[in-house]
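2 protein chains.
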Amino acid sequence: MNQAIRIAIAGHGNLGRGVEAALTKNPDMRLVGIYSRRPPATLKPLVAGTPVYSMDALNGHVGQIDVLILCGGSKEDLPQQGPALAAQFNTVDSFDTHALIPEYFAAVDAAATASRKTALIASGWDPGMFSINRVYGEALLPDGATYTFWGKGLSQGHSDAIRRVPGVAGGVQYTLPVAAAVEAVRSGTRPALSTRQKHTRECFVVLKDGADADAVRRAIVTMPHYFDEYDTTVNFISAEELSRNHATMPHGGFVIRSGNTTAASTQVIEYRLKLDSNPEFTASVLVAYARAVHRMHLAGQFGAKTVFDVAPGLLSPKSAAQLRAELL
Amino acid sequence: MNQAIRIAIAGHGNLGRGVEAALTKNPDMRLVGIYSRRPPATLKPLVAGTPVYSMDALNGHVGQIDVLILCGGSKEDLPQQGPALAAQFNTVDSFDTHALIPEYFAAVDAAATASRKTALIASGWDPGMFSINRVYGEALLPDGATYTFWGKGLSQGHSDAIRRVPGVAGGVQYTLPVAAAVEAVRSGTRPALSTRQKHTRECFVVLKDGADADAVRRAIVTMPHYFDEYDTTVNFISAEELSRNHATMPHGGFVIRSGNTTAASTQVIEYRLKLDSNPEFTASVLVAYARAVHRMHLAGQFGAKTVFDVAPGLLSPKSAAQLRAELL
Chain A
1 MNQAIRIAIA GHGNLGRGVE AALTKNPDMR LVGIYSRRPP ATLKPLVAGT
51 PVYSMDALNG HVGQIDVLIL CGGSKEDLPQ QGPALAAQFN TVDSFDTHAL
101 IPEYFAAVDA AATASRKTAL IASGWDPGMF SINRVYGEAL LPDGATYTFW
151 GKGLSQGHSD AIRRVPGVAG GVQYTLPVAA AVEAVRSGTR PALSTRQKHT
201 RECFVVLKDG ADADAVRRAI VTMPHYFDEY DTTVNFISAE ELSRNHATMP
251 HGGFVIRSGN TTAASTQVIE YRLKLDSNPE FTASVLVAYA RAVHRMHLAG
301 QFGAKTVFDV APGLLSPKSA AQLRAELL
Chain B
1 MNQAIRIAIA GHGNLGRGVE AALTKNPDMR LVGIYSRRPP ATLKPLVAGT
51 PVYSMDALNG HVGQIDVLIL CGGSKEDLPQ QGPALAAQFN TVDSFDTHAL
101 IPEYFAAVDA AATASRKTAL IASGWDPGMF SINRVYGEAL LPDGATYTFW
151 GKGLSQGHSD AIRRVPGVAG GVQYTLPVAA AVEAVRSGTR PALSTRQKHT
201 RECFVVLKDG ADADAVRRAI VTMPHYFDEY DTTVNFISAE ELSRNHATMP
251 HGGFVIRSGN TTAASTQVIE YRLKLDSNPE FTASVLVAYA RAVHRMHLAG
301 QFGAKTVFDV APGLLSPKSA AQLRAELL
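Chains A and B, in that order, are what the protein sequence lines are. Read in order, the letters of the first sequence correspond to residues 1 to 328 in my numbering. Read in order, the letters of the second sequence correspond to residues 1 to 328 in my numbering.
It should be emphasised that the hints constitute simulated quantities derived from the structure, not laboratory data. Certain hints may be false.
Stated by the list, open to error - Chain B residues, not near chain A, derived (Cβ > 12 Å throughout):
id, residue
1, Ala22
2, Ala41
3, Pro45
4, Pro79
5, Asp126
6, Asp143
7, Leu176
8, His225
9, Phe236
10, Gly259
11, Arg291
12, Ala304
13, Gly313
Claimed, not checked - Residues on chain A that point at chain B, a partial pick, calculated with CB under 10 Å:
id, residue
14, Gln3
15, Arg6
16, Ser131
17, Asn133
18, Ala145
19, Val165
20, Gly167
21, Ala169
22, Ser316
The beta carbon of each residue, even a glycine, is placed where N, CA and C say it ideally should be.
Isolated chain A, as found in the complex (with noise of 0.2 Å):
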C-alpha cells in the first residue's frame, strides 16, 4: 500500500458519522477532517484529535484532501454542494433523489469535468448497491423481470410525515416487503404485483396528550402518496417506548431478478441486504468508492460517474493479483 488515501467528510450527521466509523476499518485510508455548518467547537469527533473545521474552510484546504465525501441531504444540501464542491475536490456522494438523477448528474458533470476531478454521485445501497444488481440482473437475464423490495426498514420521510400530523408527539415508520409477494417472486413466476401487494406499512405512534387516537390514524392511513396506496397498520405506544424500541434505523431489501434462458429453464438472481444501520452501511459505501473515485482519478478518469461506472475491484485495497488469487 501507498501512501494513506486522505479523506474529508462534509456534513456530520449521522451519514457523517457513519463515515467516520466506517474509515476506523479501511486502514489504508486517513480522515483529515470533518467539515460542517455548525460551529465546529460544537462537533464531537468519534476518534479523538480529528480536525473539526467550519465548511468555509474547504476553500483552503484543496491540495490536502484526495477525496471529499459529500454526507449533507438530497433535498437541501446536496444540489447545491455537489456541483460547487466537484469544482475543487475528488467526491463521492449519496444523492438519493431518483427522478432528479439526471440532472444532477449533469450539473456534477459539468464542474467536475471542467476542473479535472473525478465525482461520483447517487452511491449508497439504493441508488447504489442495489442499482448494480438491477443492471446485472437485466443483463444477464434479458428475458425476465426485476423486482425491488424494501424493508424491513425504517423510512425516514414517512416518519417525518406521520410526526407532521396533527395531534403526534412523536412516531417512526417502518416499511416492510409482502412476504407472500417475496415468494412469488422467488418462484420465478414474475408475478404482476401493485403497490399495495409489495409493500406493508407500519407505525408506531406517540399521541399528544388529549389528541383523538381514530382522527390520528385516518390521517395517517388516508394520507395521499405516502400511505394512501398502502395497507397501513397504526399501533400507539408511550414516549419510553418509542425512544427504547424504535431508536434505531434497521433497513434493507431485496433486488431479485427472474427469467427465462430458454422455456424450459426459469433462474432467479436475488440481492439481500439486512442492516441493523442504514446510514452506517451507506456510509461503509461511500467510503468503499472513495477508494475507486481516487484510483479513477489518478487514472485521468475525469467527470461525474455513477457505480455502474466503477469495476468492481477498483473498491478492494488488494491488488488485482491479489483479487485474482484469492477471490475469484
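The hints should help you fit chain B onto chain A, whose structure is shown.
Just chain B now, kept in the frame of chain A:
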C-alpha cells in the same frame, strides 16, 4: 444501437448450446459461426442456418468475429486454446480451475497484450458473479466474514467420480448447503464452520447387474477428496428413474458477507442464485461479458481481464444515460 456485435462460439457442448440460446435473447449481437472439433456436418445448431465450421477454420476468419466465446473445458481445452485464440481474437471464457487462475491469466495476458486483443477469463457464476460478490462484500464490510455455499446443485466432477466406482452403471451427485449453517451465517454471528457443517452430498446411483450395494456405498462415502470430508447419502435407483428425474443440471448457491460497521450494528449482504440450468446461466453470463469485452476492446483496453475489471454498466445494451435514468 450500432451494428450488431459479431459473436462466434468455439466448442459445442452444453455450454456452447447455452450460448446459442442466450444470443437469441440479445438482439444487439449476432452469431456468425460455431466452431467445433467434431465434423461440422454432425453439429445441429439451435437456429437453422447458423454457419458451422471446423475449429481449424478460425485461422481464416480473423477480422470477421468481434468476440469469440470459448466453450471448451478448463482441464483439457482452455489451457491451450485460451492463449492461442487470444492471439487472434477478443475472447471470453469460463476457466474455472480456481487454483490455476493466476497462471492461466498470465498466459492469456501475454498473448492478448501482444496482439492488442481483449480476453476476459474465468467468467460465469463461480468464478464470476459469486467472485464479484465476494469482492463487493469484503470492500463494503471490511470487518466481517464471507461464506460461499453451493447448491442445491448437480456437481459434474462428483457425478463423474461416482460413475467410476466399480459396480456403478450410472449416477449423479447433488451438493446441498446445510440449512442450519446458512441460517447461522445469515444471523450475522460469523460462525466457524467445517467442511462437513457447510454442505452435504446426495448421490443417486444405478447399480450394474449383480453389484454389491453396500460395497458401492462404502466406496463412495469414503472416497478421498470427493466424499470423505462430507456427510454423504447414497440412494439406489433404476436407470429409468435416473433418466426421468435427474437429467437436468440445476445449481446455485449463496455468497453471504456479514460484518460490523460498529460494535452495535451487524450488516448482512446475501447474493443468491437458483438455477434450473447451470450451463445455460453460465452461457448467459458469458454473452453479457462478450458485450463488455467488445466495448473494452474498442476503448483500447487490451490484455487479459477478469470480471473484477469490468464496470457493471458495460454489460448492459443500454447507454450510460439510459441506465442512470432507468435503473439507478
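Hints, one by one, checked against the model:
Not every C-beta of chain A lies more than 12 Å from that of Ala22 of chain B, the closest at about 6 Å, which undercuts listing it as non-interface. Look at Ala41 of chain B: its CB is around 25 Å from the nearest CB on chain A, clear of 12 Å, so calling it non-interface holds up. Every Cβ of chain A is farther than 12 Å from the Cβ of Pro45 of chain B; the closest lies at roughly 15 Å, confirming the non-interface assignment. The beta carbon of Pro79 of chain B sits about 16 Å from the closest Cβ of chain A, which is more than 12 Å, so the claim that it is off the interface holds.
The Cβ of Asp126 of chain B sits about 9 Å from the closest Cβ of chain A, inside the 12 Å cut-off, so the non-interface label is violated. Remark: the non-interface label on Asp143 of chain B conflicts with the geometry, its nearest Cβ contact in chain A lying 5 Å away (cut-off 12 Å). Separation of Leu176 of chain B from chain A is adequate, the least Cβ-Cβ distance of about 17 Å exceeding the 12 Å criterion. Listed as a non-interface residue, His225 of chain B keeps its Cβ farther than 12 Å from every Cβ of chain A; the least gap is roughly 22 Å.
Against the 12 Å criterion, Phe236 of chain B stays outside the reach of chain A, whose nearest CB is about 28 Å from its own CB. For Gly259 of chain B, the non-interface assignment is contradicted: its Cβ lies about 8 Å from the closest Cβ of chain A, within the 12 Å cut-off. The non-interface label for Arg291 of chain B is inconsistent with chain A: the shortest C-beta to C-beta separation is roughly 8 Å, within 12 Å. Its closest Cβ contact with chain A, about 10 Å, brings Ala304 of chain B to no more than 12 Å, contrary to its assignment away from the interface.
Not every beta carbon of chain A lies more than 12 Å from that of Gly313 of chain B, the smallest distance being close to 3 Å; the non-interface claim is violated. Restraint check, Gln3 of chain A versus chain B: the minimum CB separation of about 19 Å is more than 10 Å; hint violated. Hint on Arg6 of chain A is violated. Least Cβ distance to chain B is approximately 18 Å, over the 10 Å limit. The criterion of a C-beta within 10 Å of any C-beta in chain B is met by Ser131 of chain A, whose closest approach is roughly 5 Å, and the hint holds.
Of the supplied interface hints, the one on Asn133 of chain A holds, with its beta-carbon coming within about 8 Å of a beta-carbon of chain B, less than 10 Å. For Ala145 of chain A, the shortest C-beta to C-beta distance to chain B is roughly 13 Å, which exceeds 10 Å, and the interface hint is violated. Against a cut-off of 10 Å between C-beta atoms, the interface hint on Val165 of chain A is violated, since the closest Cβ of chain B lies about 30 Å away. Below 10 Å, beta-carbon pairs count as interface contacts, and Gly167 of chain A has none with chain B, the closest being about 33 Å; its hint is therefore violated.
A distance limit of 10 Å between C-beta atoms decides the matter here; for Ala169 of chain A the minimum to chain B is near 27 Å, and the interface restraint is violated. About 5 Å separates the beta-carbon of Ser316 of chain A from the nearest beta-carbon of chain B, less than 10 Å, and the hint is met.
Checked against the numbered hints given earlier, the structure breaks hints 1, 5, 6, 10, 11, 12, 13, 14, 15, 18, 19, 20, 21 and satisfies all the rest.
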